[in-house]
Amino acid sequence: MKYRVLYFASLRDKAGVDTEEFQAAHADPRRLYAELRERHGFSLKQESLRLAVNGAFVGWDHALADGDEVVFVPPVSGG
Amino acid sequence: MAYFTLSQAPIDSALLARQLADARAGACVTFEGWVRDHNDGHAVRRLDYQAYAPLAQSEGERIVREAVQRFELIAAECVHRVGALAIGDLAVWVGASSAHRDAAFAGCRFIIDEVKRRVPIWKNEHYASGESGWLHPDNTPVE
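Residue numbers (numbering that gives the first Met the number 0), protein chains in the order written: chain C, 0 to 78; chain U, 0 to 142.
Hints are computed from structural coordinates only; laboratory data are not their basis.
Each hint can be trusted.
Footprint (simulated), chain U over chain C, 3 or more residues, beta carbon under 8 Å:
no.	stretch
1	0-13
2	44-56
3	60-73
All C-beta atoms in this analysis are idealised placements derived from N, C-alpha and C, irrespective of residue type, glycine included.
Taking the hints into account, I'd like the entire structure generated from these sequences.
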């Protein structure tokens, strides 16, 4: 399956890109983050992130589908 | 009137406040969040806000709608800047009007607190030392 991953804040800085396509043989967002964390050396733990799929917050047990837009949402700091 | 807006351009607070006017309203509370020149012992030169726009928009709107319902506001709105901001710039504006002041104060407070807690917007501070850093909600740096 192919996912489109968008990066923000410290994840964007570490990845060096705003967005990337990622091929995976599974639908598990926890595993996807672990793979990307390994690839890019992200310091944020999965437990400190929220998950958004196709522009909406979802729980970590959400099963991903081919073509999904996935965002690992770092702790926010607006205001 | 939009409930929540992300803005690339400077915020016109006077214009926004006038839009909350309503014959039924006896109170209007507004909040302005400004860019200050220090944080956590560092001198701050400027900052950048980054947002995941579609989700920031929908989550911000949800918060303002919640506030209107919960506090029986007559009108409410929040505008948050994105992009590069200088010291003293208006970063976020919240306004709430209601029949009586208690609801307007509570609604305005609820909106800014929830926006800071839930809306996917991130602040990157640029320090006098030349370094920069992304912040957590409590204004401590991301490790």
